[in-house]
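According to my numbering, the sequence shown is numbered sequentially starting from 429.
A couple of the hints might just be wrong.
[As the list claims (entries may be wrong)] Here are the simulated DSSO-like pairs of lysine-lysine, each with C-alpha atoms no more than 30 Å apart in a straight line:
{"id": "1", "residue 1": "LYS615", "residue 2": "LYS598"}
{"id": "2", "residue 1": "LYS502", "residue 2": "LYS541"}
{"id": "3", "residue 1": "LYS460", "residue 2": "LYS489"}
{"id": "4", "residue 1": "LYS615", "residue 2": "LYS460"}
{"id": "5", "residue 1": "LYS502", "residue 2": "LYS518"}
{"id": "6", "residue 1": "LYS609", "residue 2": "LYS493"}
{"id": "7", "residue 1": "LYS541", "residue 2": "LYS460"}
{"id": "8", "residue 1": "LYS460", "residue 2": "LYS493"}
{"id": "9", "residue 1": "LYS465", "residue 2": "LYS493"}
{"id": "10", "residue 1": "LYS489", "residue 2": "LYS609"}
{"id": "11", "residue 1": "LYS502", "residue 2": "LYS615"}
{"id": "12", "residue 1": "LYS502", "residue 2": "LYS609"}
{"id": "13", "residue 1": "LYS598", "residue 2": "LYS493"}
{"id": "14", "residue 1": "LYS615", "residue 2": "LYS489"}
{"id": "15", "residue 1": "LYS598", "residue 2": "LYS609"}
{"id": "16", "residue 1": "LYS518", "residue 2": "LYS489"}
{"id": "17", "residue 1": "LYS460", "residue 2": "LYS598"}
{"id": "18", "residue 1": "LYS502", "residue 2": "LYS489"}
{"id": "19", "residue 1": "LYS615", "residue 2": "LYS541"}
{"id": "20", "residue 1": "LYS518", "residue 2": "LYS493"}
It should be emphasised that the hints constitute simulated quantities derived from the structure, not laboratory data.
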Amino acid sequence: MNGNEMEIELNEPLVSVEEYLAAGVHIGTQQKSSDMKNFIYRVRGDGLYILDIRETDERIKLAAKFLSQYDPAKVLVVTSRQYGQYPARKFADSIGATPIIGRYIPGTLTNPKLPRYAEPDVVVVTDPVSDIQVIREAIQVSIPVLALCDTNNMTSLVDVVVPTNNKGRKALSMIYFLLTKEFLRHKGYNTSL
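Starting from the given sequences, assemble the full structure and let the hints guide the process.
Here you go:
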């Protein structure tokens with residue numbers, strides 16, 4: 429997408445519009461859900477929905493502030509999406525959270541007899557579709573869920589939505605990096621590069 433296709437300005441952005449565009453954070457899918465319509469900037473000629481990066485930028489700030497209210501050791505980061513595995517692990521390691529990368533074992537939040545049973549205070553997922561099992565279990569035990577949602581995701585089971593391309597390698601890396609940076613800033617760490 430060239431600069432002419434998205435001429436917007438961000439108010440105190442975490443990174444520049446150009447950096448968001450270069451990472452492909454704004455690229456959605458050819459489907460949209462009614463839940464995500466408020467986060468869509470426009471539809472391209474080829475039918476691809478484009479996310480509004482102003483919303484993404486604001487939601488990253490909101491999500492980091494929300495997460496910073498919790499003890500990092502009680503944050504569970506779950507992703508089964510291939511391109512989300514490395515950034516999600518780095519995010520979890522950087523803030524001191526617990527990662528579950530790859531296959532999520534059903535019952536991890538609801539069956540205390542399992543060896544990897546966990547009792548987090550909040551769950552972060554990369555994709556509400558591929559990580560639906562952990563979302564259902566979190567709801568069962570009243571744990572809030574923060575999710576990275578693309579244009580086609582339903583958000584009715586999610587407490588905090590971060591609208592983003594949740595399928596692209598660069599986009600996921602950028603989102604998790606910015607969440608890490610903002611989370612640590614809220615916790616009082618110096619995050620200047």
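Requested in this report: Compare the distance between the alpha carbons of LYS518 and LYS493 with 30 Å, and conclude whether the hinted pair is satisfied.
Outcome: Roughly 19 Å between the alpha carbons, so the hint for LYS518 and LYS493 holds.
Query raised in the report: Is LYS502 close enough to LYS609, meaning Cα to Cα at most 30 Å?
Result: 18 Å, holds
Query raised in the report: Would the pair LYS460 and LYS489 pass a check requiring their Cα atoms to be no farther apart than 30 Å?
Result: 24 Å, holds
**Report entry** Restraint status (C-alpha distance of LYS502 to LYS489 at most 30 Å)
**Finding:** 20 Å, holds
Query raised in the report: Does LYS615 lie within 30 Å of LYS502 when you go C-alpha to C-alpha?
Result: Answer holds: LYS502 to LYS615 is near 15 Å, not above 30 Å.
Requested in this report: Measure nothing beyond the straight line between the CA atoms of LYS489 and LYS609; if it is 30 Å or shorter, mark the hint as holding.
Outcome: 10 Å, holds
Report task. Below or equal to 30 Å on CA atoms is what counts here, so check LYS518 against LYS489. Result -> 19 Å, holds
Query raised in the report: CA of LYS502 to CA of LYS541, is that 30 Å or under?
Result: 19 Å, holds
Requested in this report: Starting from LYS598, check that the Cα of LYS609 is at most 30 Å away, please.
Outcome: Holds - the C-alpha atoms of LYS609 and LYS598 are around 16 Å apart, at most 30 Å.
Query raised in the report: Would the pair LYS502 and LYS518 pass a check requiring their Cα atoms to be no farther apart than 30 Å?
Result: Holds, at roughly 16 Å.
Query - Proposed proximity, LYS493 with LYS465 (alpha carbon, max 30 Å) - result: 24 Å, holds
**Report entry** 30 Å limit on alpha-carbon distance, applied to hinted pair LYS460 and LYS493
**Finding:** The hint holds at about 27 Å.
When the structure is compared with the earlier hints, violations turn up for hints 4, 7 and 19 and for no others.
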